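Make one complex out of these two single chains by using the hints.
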Amino acid sequence: MDSVAPPSPGPGPATSRLRPAPGVGWAVEMHGLLLRGPGGARTIHYPAAAVWDLIARGYSLERVVALTGHIADLDEEGTRALVKEAIREWVAAGYLEEVSGDG
Amino acid sequence: MQSLRAAPPASAGYLLPVLHRWLFHAPLHGIAALVNTESAAILRADAPEAWPAVLHPLRAALSAAVPAAPRPLEGDVCPSFLGIIPTRGCNLGCVYCNFGGPTASRERMDPRVAVAAVDWMAKRLHEAGRELFQIHFFGGEPFVAPEVVDVVVHRARYMAARYGLRTYVDASTNGVFDEARCRFVGDYFGGVVLSFDGFPEHHDRTRPGKNGRPTFEAVARTARRLAQMPLDLCIRVCVTQDSVARLEEITDWMCTEFSPAVVNFETLTPGELATAAGLRVPDPYEFAAHCVGAYRVAESHGIRAVYSAAEHERVRLSFCPVGTDALIVSLDGRVSACYLLPEDWRMRGLDMDLGSISPDGGMRLDRDAVARARRLPAEKPRCDGCFCRWSCAGGCHVNQTYPGSSDAYTDFCIQTRLVTACLLLRELGQEELVDELLAHGGALRALAGHAPDTVDLGWCTHEGSTPAAVRQPRGAGRSLVADGMTLLG
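Those sequence lines, one after another, are chains L and R. The opening position of the first sequence corresponds to residue 1 in my numbering, with each subsequent residue numbered one higher. The opening position of the second sequence corresponds to residue 104 in my numbering, with each subsequent residue numbered one higher.
No wet-lab data here; the hints were simulated from the structure. Treat the hints with caution; some may be incorrect.
[Stated by the list, open to error] Listed next, the in silico SDA-like pairs over lysine to any residue satisfying Cα-Cα at most 20 Å (straight line):
#1 R:K226 to R:G178
#2 L:K84 to L:G94
#3 R:K313 to R:R324
#4 R:K226 to L:Y46
#5 R:K226 to L:M30
#6 L:K84 to L:T43
#7 L:K84 to L:S100
#8 R:K226 to L:G94
#9 R:K226 to R:S461
#10 R:K313 to R:A379
#11 R:K226 to L:K84
#12 R:K226 to R:N194
#13 R:K313 to R:N194
#14 R:K226 to L:H31
#15 L:K84 to L:M30
[Unchecked claim] Ranges between beta-carbon positions, derived for each pair:
#16 R:R327 to L:G40: 32 to 40 Å
#17 R:E282 to L:D75: 28 to 36 Å
#18 L:H45 to R:E402: 37 to 45 Å
#19 R:E369 to L:E29: 34 to 42 Å
#20 L:H45 to R:A380: 48 to 56 Å
#21 L:G25 to R:G405: 30 to 38 Å
#22 L:E29 to R:G405: 24 to 32 Å
#23 L:P38 to R:E369: 46 to 54 Å
#24 R:E389 to L:E29: 23 to 31 Å
All of these numbers come straight from a predicted model, not from anything done at the bench. Positions of the beta carbon are idealized from the N, C-alpha and C atoms, including for glycine.
Bound conformation, chain R alone (with noise of 0.2 Å):
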């Protein structure tokens, strides 16, 4: 484990250069401001009881809110939810894949190890006081393994029975599958993310299946039937440098065709599949102007647009299920934190192994290994500055702000940056200023770079001592005090 920095303040704020003003942003507080560049400097250099008149309503928002710093979680372990890796297999060819691809293992889990698993997370609720168990399947591509599906859906339904528990089943899944499992996915899942890149010049060229069919019209029906199912239908589009100019285009046709509950955007993973394929990851700029244009046509639509690493609405310390006393469960009866390949982590230098199931039911977690998982999201010496700490919390812990990574802003945090503050200027009402921030390319370059964004707010700390969840859900709305803030000057 590395020595890092420690992180800043829980009563941090955060300013950053939008043109010829200032992005005022108190994450914690859920409060967000624009300024001029003579509030800006009074923000940051002078007491509180010192702040003219047009910054009181700020400084009162500041006050009476509690902020309250994600931290590591500590304690029983008491998973978020059980993940479930029936195979690392897939019926697709894609050509992006991070989990093995053409080499990927097409085993499939023992049943026994899913049952062990499942009984285990249900037990362990129950005495928890919990009352939702949640359970989410990930790949290669989990219908491949539809029996251990079955045996996990239908086990889990059984002990939520028993010990009184509500359960949420959902899949990351590519959508080539038969009538009747979509039939099963909507009478026992609550939500499916479906893998699915555009339009077919796309889609068929980064997911096609083995021997390089296309498999455009196979997701279409699958999104359309499952369009149809009283399930939340996320519909994921990795972006690349190829689609990212009609990213608009795109989502406008699937809102259209299928009416999902969310659709959901984010950028190529680069790897050697992805490079032999000559696919390119999009350009960080070019990505955040059709990321925000996506968001707005989404919401057109009145539906939720996401690129995860902007959901700035709740606070969080971890990007993903790091952290979070998650338990991934690999076909072989590893228990991890993260659902990526070993390989991947050990690359890195990681460990994300928790611990193992056997098929007899033993469950061993290691303590030290979980501590370890839990403290990782804490320990992102580039985030210290950066004012998404909390929303993006430095992404992926494996590709993106793993120990000894550099501290200096990569693609991903430009982009994040960006359509966060535009995200952010846009609960401001202020969409004229999002068009033309993202029009001036000077603008969008100081912005992106700017660090560190940090402003001490340590005069309003109200923070409690009890460690809190992970992922903490904002309390009351956002406060939105823009307008008392630009008149200033």
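Pulled out of the complex, with its shape left as it was, chain L reads as follows (with noise of 0.2 Å):
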């Protein structure tokens, strides 16, 4: 078990050096999201879903993975695989960006 620390400032728990598009929304729907982008809509469901709120809510990609490890009771290499497979798809859709680490 891990001490308690504050609650962080700022945007989210830690910097990412991915973000959803501009133009880029979601809704949380009963089982999952429902994305809308530029390129339309599109529903994802779990546990990808809860990879697209870490991310939006800016984790670092380390915690990403280790709490979708947890969400998606996955081992290691499955849940980098889930996570890196969702990435690829949401940037490749124009759902999320790349930023540079400054930003």
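So, in structure tokens, the structure goes:
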């Protein structure tokens, strides 16, 4: 068990090198998320929906993988594959964009 | 387990003095009436066949209704909700903290324990044919363990999708967290119970941050944000002797400023920290009067007010999750019926632990412990003759009606009886009588101390044989027959 730290300031628990692309919106639905962007709308089911939420809220990729492992109940290898594939798809579809380290 | 007196008959009615009249209440029937002294005597003593015509509407209502007294649950455990305590740590330094305050453990729950609990619960609900998966976060302050909350929420939604369940997530929180966390709550939570003790002079005295820094502005900011989100915001006010006289004012401000779904008033629970801070529990008579006033203010805004012990709209056996098969999972994997600290139960000779869950997913529930927790709410000798038996249900099993506690009414009983009676009178359209009562110290004391309230209505028992859920929803609306009754004599 970790020790408790005060809630982190700013937009999320840590900076990320991925973020939702401009013009992309999403809505939480009963069992997943609905992504809307320039390429149209897409429903994301679990566990990928958790990956999107964690990235969108600014978690570092390392924490996204760690938390997704628990959420999806996968080992590290399986989790990395899941996260990598989701990111690849979302970047290709224009929902996510990579940003430079400072920004 | 103590041997305690039998509960009153399920068909019990109650009579209590209100100035020169009597308030009749049959909570299991959902009936209240205001009667005069002569009618009260008839209700107590005479067979229904002998009741005069003016009481026939009441007799008909009592005969038509089918009371079902809540009973302890039986059979397999199917939890009413899953409680998660991500940490006992907190980012505030509330001077009345009942969860250890400065000595509270700052550890966080292992996410594997959280996942195991969620998985067990989802599967159990599915097996039982349930549709709703409810999770409540307790603390400490749950959001100082944000990753545990994230894992629980997403794992629950994942499992809910797998089993075709709906999720409802809520939390008790101090509201000192950032905008990003607020958005997360708005996206995924159905409700929030936000502790907010009033104006700065009240809130910052009772709920300062570490090192005594004020938190009023931060909590107000969170309240404003949450008020804009699609969730039920409940603002919980801990009322002390310092704030009680301004309860109506506080309520008006909160309703105007935040438009919450609910404003909830609870009195300070005495403790070492609160005493050391010079806080006092409000006088029960003063609290009752201002609480009723605050109800009126909230209602004028179209907002629901709640003093939880006076929720007479629903019949219940237990005041709290204890006895409802709610499973509260602590950060160390203990599964309990109660979210209070184990040392608090033990001080009362109680054991609220039901079992444990391990990180590898093994849930162990002790059948005897479950049975013990189910029976506990039914064993309330102090409540046997009280008209609040099925609404207040004895209050906290640890702090109010613990085994061996006195049979005499406490300040908690007094304020609960007064508020409940006033709310019933208001439902009967007797606003002026409520004012008259609240202004009459002798009448208030007579009502508060009246015992027993019980009237035997054994003649109209139609109780079913199936054990009822602990929190039995009321069926049709309350029958209001006051007009006919008040004509008599």
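Query raised in the report: Within a Cα-Cα threshold of 20 Å, do R:K226 and R:G178 meet the stated pairing?
Result: Between R:K226 and R:G178 the Cα gap is close to 17 Å, so the pair holds against 20 Å.
**Report entry** Whether the CB-CB distance between R:E389 and L:E29 falls inside 23 to 31 Å
**Finding:** violated (48 Å)
Query raised in the report: Are the Cα positions of R:K313 and R:N194 separated by 20 Å at most?
Result: holds (7 Å)
Query raised in the report: Holds or violated: are the alpha carbons of R:K313 and R:A379 at most 20 Å from each other?
Result: Holds, because 17 Å separates the two Cα atoms, which is no more than 20 Å.
Query raised in the report: Does the Cβ-Cβ separation between R:E369 and L:E29 fall within 34 to 42 Å?
Result: holds (35 Å)
Report task. Mind checking the alpha carbons of L:K84 and L:G94 for me, to see if they're no more than 20 Å apart? Result -> holds (15 Å)
Report task. Starting from the range 46 to 54 Å, see whether the pair L:P38 and R:E369 falls in it by beta-carbon distance. Result -> holds (50 Å)
**Report entry** Distance restraint between R:K226 and R:S461, which requires alpha-carbon spacing of 20 Å or less
**Finding:** Holds, at about 16 Å.
Report task. For the pair we were handed, R:K226 and L:G94, check the Cα-Cα distance against 20 Å. Result -> Given pair R:K226, L:G94 is violated - Cα atoms ~37 Å apart, limit 20 Å.
Query raised in the report: Has the given pair, L:K84 with L:T43, been kept, meaning a C-alpha gap of at most 20 Å?
Result: OK: L:K84 and L:T43 at ~18 Å, within 20 Å.
**Report entry** Hinted pair R:K226 and L:H31, Cα distance within 20 Å
**Finding:** holds (16 Å)
Query raised in the report: Is R:K226 within 20 Å of L:K84, Cα to Cα?
Result: Violated. R:K226 to L:K84 sits at ~29 Å, over the 20 Å cutoff.
Consistency with the previously given hints fails for numbers 8, 11, 12, 15 and 24, ordered from lowest to highest.
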